[in-house]
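Trainee: Spelled out from the first residue to the last, the chains are:
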Amino acid sequence: MRFLSILFLFCLFVSKSYAVENYLEYPEQEFRAKELFKEIRCVVCDGESISDSNADLAKDLRILIRNRIRAGDGDQAIIEDLVARYGQQILMQPPVNSSTLFLWSAPIILLAIAILFIIITFRKK
Amino acid sequence: MRPIHFIPLFIFMTLVVIFSWKLYKSDEVSKSVMIGKNIPEFSINTIDGGILSNKDLLGKKVIINIFASWCTTCLFEHPLWMENKDNIELIGIAWRDDPKQTKKWLERWGNPYKIVGLDPDSKLITSLGVVGSPETFFVDEKGIIIEHVVGVVSEELLKNFYNNE
Numbered sequence: 000m001r002f003l004s005i006l007f008l009f010c011l012f013v014s015k016s017y018a019v020e021n022y023l024e025y026p027e028q029e030f031r032a033k034e035l036f037k038e039i040r041c042v043v044c045d046g047e048s049i050s051d052s053n054a055d056l057a058k059d060l061r062i063l064i065r066n067r068i069r070a071g072d073g074d075q076a077i078i079e080d081l082v083a084r085y086g087q088q089i090l091m092q093p094p095v096n097s098s099t100l101f102l103w104s105a106p107i108i109l110l111a112i113a114i115l116f117i118i119i120t121f122r123k124k
Numbered sequence: 000m001r002p003i004h005f006i007p008l009f010i011f012m013t014l015v016v017i018f019s020w021k022l023y024k025s026d027e028v029s030k031s032v033m034i035g036k037n038i039p040e041f042s043i044n045t046i047d048g049g050i051l052s053n054k055d056l057l058g059k060k061v062i063i064n065i066f067a068s069w070c071t072t073c074l075f076e077h078p079l080w081m082e083n084k085d086n087i088e089l090i091g092i093a094w095r096d097d098p099k100q101t102k103k104w105l106e107r108w109g110n111p112y113k114i115v116g117l118d119p120d121s122k123l124i125t126s127l128g129v130v131g132s133p134e135t136f137f138v139d140e141k142g143i144i145i146e147h148v149v150g151v152v153s154e155e156l157l158k159n160f161y162n163n164e
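Chain order of the listed sequences is A and C. Read left to right, the first sequence gives residues 0 to 124 (numbering that gives the first Met the number 0). Read left to right, the second sequence gives residues 0 to 164 (numbering that gives the first Met the number 0).
No wet-lab data here; the hints were simulated from the structure. A virtual CB, placed ideally from N, CA and C, is assigned to each residue, including glycine. One thing to keep in mind: the hints can contain errors.
[Stated by the list, open to error] Dumping the calculated DSS-like pairs for lysine-lysine here, alpha-carbon to alpha-carbon at most 27 angstroms: (1) A/Lys-58 x C/Lys-30; (2) C/Lys-59 x A/Lys-58; (3) A/Lys-37 x C/Lys-141; (4) C/Lys-59 x C/Lys-30; (5) C/Lys-36 x C/Lys-54; (6) C/Lys-122 x C/Lys-21.
[Stated by the list, open to error] Quick look at which bits of chain A chain C covers, simulated, 3 or more residues with Cβ under 8 angstroms: (7) 43-56; (8) 109-119.
Based on the provided sequences and hints, a complete structural model is requested.
Mentor: Here it is in structure tokens:
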């Protein structure tokens with residue numbers, strides 16, 4: 000029974016989701032790829048980048064990015080292409096533009112409010 | 000406490016209301032970024048041993064349906080395709096599937112597709128911005144994506160696609 004359990008776990012470990020991907024031939028290219036993976040969200044996961052995810056779609060996107068690097072495409076072109084297909088949601092960090100300005104400035108606004116409140120309170124004392 | 004002490008609280012509550020409203024709005028279905036774009040160039044093998052390319056889709060309204068034998072949700076919309084298969088130009092793309100399994104699945108549940116393309120390595124689906132199956136693209140005669148449905152297609156959408164000339 001113990002042997003069967005171990006065998007079952009072994010089969011799970013070597014299943015499709017753990018299949019080895021073909022890394023890029025040149026270390027600098029593979030480094031670029033890994034850096035890009037951290038910027039791209041796994042859209043079927045919960046808050047993970049494709050760098051961290053074992054999901055099939057994440058693996059497919061890693062392969063796609065490696066192929067694009069191998070073909071000579073620049074990082075920005077690869078990112079723009081993914082955004083064109085999946086939307087801004089594919090990025091781990093939303094870009095800073097007019098539609099996200101409020102999102103990015105909200106923490107600063109909240110901090111300013113807190114400081115203002117402290118100043119007013121201590122001034123009174 | 001003087002009224003001025005309530006200003007930070009008021010601003011904070013305003014932000015809470017705004018963020019709550021934005022969060023509520025985010026539950027609504029957002030429009031796919033692929034709508035209005037051309038079908039990307041592709042060339043894939045079909046289940047019959049032929050080749051399917053984006054050029055084959057021009058000149059008529061087509062529906063591209065991403066499905067798989069392992070996709071249980073696909074079975075929910077399959078009856079809709081079977082009911083309407085004679086009236087629509089439905090192209091199936093078997094995603095990450097073993098062709099033998101795809102054939103078995105189609106034999107069991109019926110084949111509504113004019114052509115079944117194979118995308119075992121997700122090359123086509125990643126160029127379409129697909130995240131899962133079923134997903135369906137409604138494409139006009141010029142190869143422009145009119146609608147992109149994530150999940151099960153409704154009968155109303157199907158009728159509207161062919162009724163709007």
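Trainee: Take the hints in turn and mark each one as holding or not.
Mentor: Each hint tested on the structure:
no. : hint                 : result
1   : A/Lys-58 x C/Lys-30  : holds (25 angstroms)
2   : C/Lys-59 x A/Lys-58  : violated (34 angstroms)
3   : A/Lys-37 x C/Lys-141 : violated (37 angstroms)
4   : C/Lys-59 x C/Lys-30  : holds (24 angstroms)
5   : C/Lys-36 x C/Lys-54  : holds (15 angstroms)
6   : C/Lys-122 x C/Lys-21 : violated (34 angstroms)
7   : 43-56                : holds (count 3)
8   : 109-119              : holds (count 6)
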